[in-house]
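Here the protein sequences line up with chains B and A, keeping their order. Numbering of the first sequence is given in our numbering, commencing with residue 455 and proceeding in unit increments. Numbering of the second sequence is given in our numbering, commencing with residue 977 and proceeding in unit increments.
Keep in mind the hints are simulated off the structure, nothing from the lab. Since we're looking at a predicted model, the values are computed, not measured. Careful, some of the hints might be misleading.
Unchecked claim - Derived lysine to aspartate or glutamate pairs resembling DMTMM-like cross-links, with alpha carbons at most 25 Å apart: (1) A/K1087 x A/D1134; (2) B/K473 x A/D1207; (3) B/K525 x A/D1157; (4) A/K1201 x B/D530; (5) A/K1090 x A/D1073; (6) A/K1035 x A/E1056; (7) B/K525 x A/D1228; (8) B/K466 x A/D1157.
To be verified - Sample of chain A residues with no beta-carbon within 10 Å of chain B, all distances over it, derived: (9) W1011; (10) K1035; (11) A1093; (12) T1094; (13) K1120; (14) E1148; (15) R1176; (16) D1179; (17) T1203; (18) G1216.
By construction, the Cβ of each residue, glycine as well, lies at the ideal position given by its N, Cα and C atoms.
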Amino acid sequence: MNRTANSILDEKFLDVRAKLLEVAADFDRIDRAASDEGPLSGQSRDHRERLGEAINILRSDGADRAERLQKLFSRDYESSWRKEMQI
Amino acid sequence: MDYIDPHIHMVSRTTDDYATLARMGCVAMSEPAFWAGYDRGSVDGFRDYFHQLTDTEPKRAAQYGIQHFTWLCINAKEAENVSLSRDVIAMIPEFIDKPNVLGIGEIGLNKNTKNEATVFLEHMELAIKFQQQILIHTPHLEDKYQGTRMILDMLSDDSRIDRSRVLVDHVEEHTITEVLDRGFWAGMTLYPITKCTPERAVDMIEKTGGERLLANSAGDWGPSKPTAVPDLIFEMRRRGLSETLIRKVVYDNPMEFFSQSKNFTFTLRS
């Protein structure tokens, strides 16, 4: 790693700010529609909850947020899959 | 900088793309067999496709000074049809000695089903029988983690598999460590939305050091960018990473991995 934390943040600040604004605007759009037409249901509600969990990961500490986010959006792995599939 | 794109689907690209890639420094590429966007109806459909991969594309590439290599299989999406898959696997030996064939690929899983796993294991048997290298496709999005682990289980459970001759492609943050720790090569695919960006790929290079790690564009008929590897080179330079490390990932590593195939007769630029 050749760059300092300060230099990376300075370089990425506007980029991250723009991405966060897009997410905020997406959530606003969902909430506006929900106030007109009713709350989320079924899979859409599950997806919204998952996105909330993702934001909690972003707010947490550690240099492995991308990996934890990927796992949040992944199906579980069962080591017994070969037995279950009889393969 | 000269570079090798180890995974690009040139049957989906125009001749202009070959010219652009040559101008960007691409000196060689390998093209795994993949899904055409529709399910092929017969083994003859695959036979025609393998002619394209072993005859037509090398000639198109050579016009621009690029050496073209390929991998053969029936892809995971079509593996649900086990009967057709078996017919294709039985036909592959017709092409295995063609001069640009590096091995069996891109085999793998798509939705992690029993049929896909069955066909994967039969491809493995073919590779073992003919002492071929293997290039592996891992699933997308929510299926990637589970599917990658299943693939690693099948490979690791067979002691005849030489892990140093297997490339597991499309790794991301949650799968790269397991692939490398188990002794396989790992490929990062620079692809919008479903795989990873050049910036995230460089993060993974910084974290792992770039050992047994390759980067590719996939460059197919979907929303992809055939010049994504030069984008990665640019991002690495922008971060001040050494030319030695850049060259390792985009040239030396693919050279080392491919050199294990008897058909990799690469001619250095004079």
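The hints, checked one at a time:
{"no.": "1", "hint": "A/K1087 x A/D1134", "in the structure": "22 Å, holds"}
{"no.": "2", "hint": "B/K473 x A/D1207", "in the structure": "21 Å, holds"}
{"no.": "3", "hint": "B/K525 x A/D1157", "in the structure": "18 Å, holds"}
{"no.": "4", "hint": "A/K1201 x B/D530", "in the structure": "31 Å, violated"}
{"no.": "5", "hint": "A/K1090 x A/D1073", "in the structure": "31 Å, violated"}
{"no.": "6", "hint": "A/K1035 x A/E1056", "in the structure": "33 Å, violated"}
{"no.": "7", "hint": "B/K525 x A/D1228", "in the structure": "31 Å, violated"}
{"no.": "8", "hint": "B/K466 x A/D1157", "in the structure": "31 Å, violated"}
{"no.": "9", "hint": "W1011", "in the structure": "21 Å, holds"}
{"no.": "10", "hint": "K1035", "in the structure": "40 Å, holds"}
{"no.": "11", "hint": "A1093", "in the structure": "5 Å, violated"}
{"no.": "12", "hint": "T1094", "in the structure": "7 Å, violated"}
{"no.": "13", "hint": "K1120", "in the structure": "7 Å, violated"}
{"no.": "14", "hint": "E1148", "in the structure": "6 Å, violated"}
{"no.": "15", "hint": "R1176", "in the structure": "7 Å, violated"}
{"no.": "16", "hint": "D1179", "in the structure": "7 Å, violated"}
{"no.": "17", "hint": "T1203", "in the structure": "22 Å, holds"}
{"no.": "18", "hint": "G1216", "in the structure": "4 Å, violated"}
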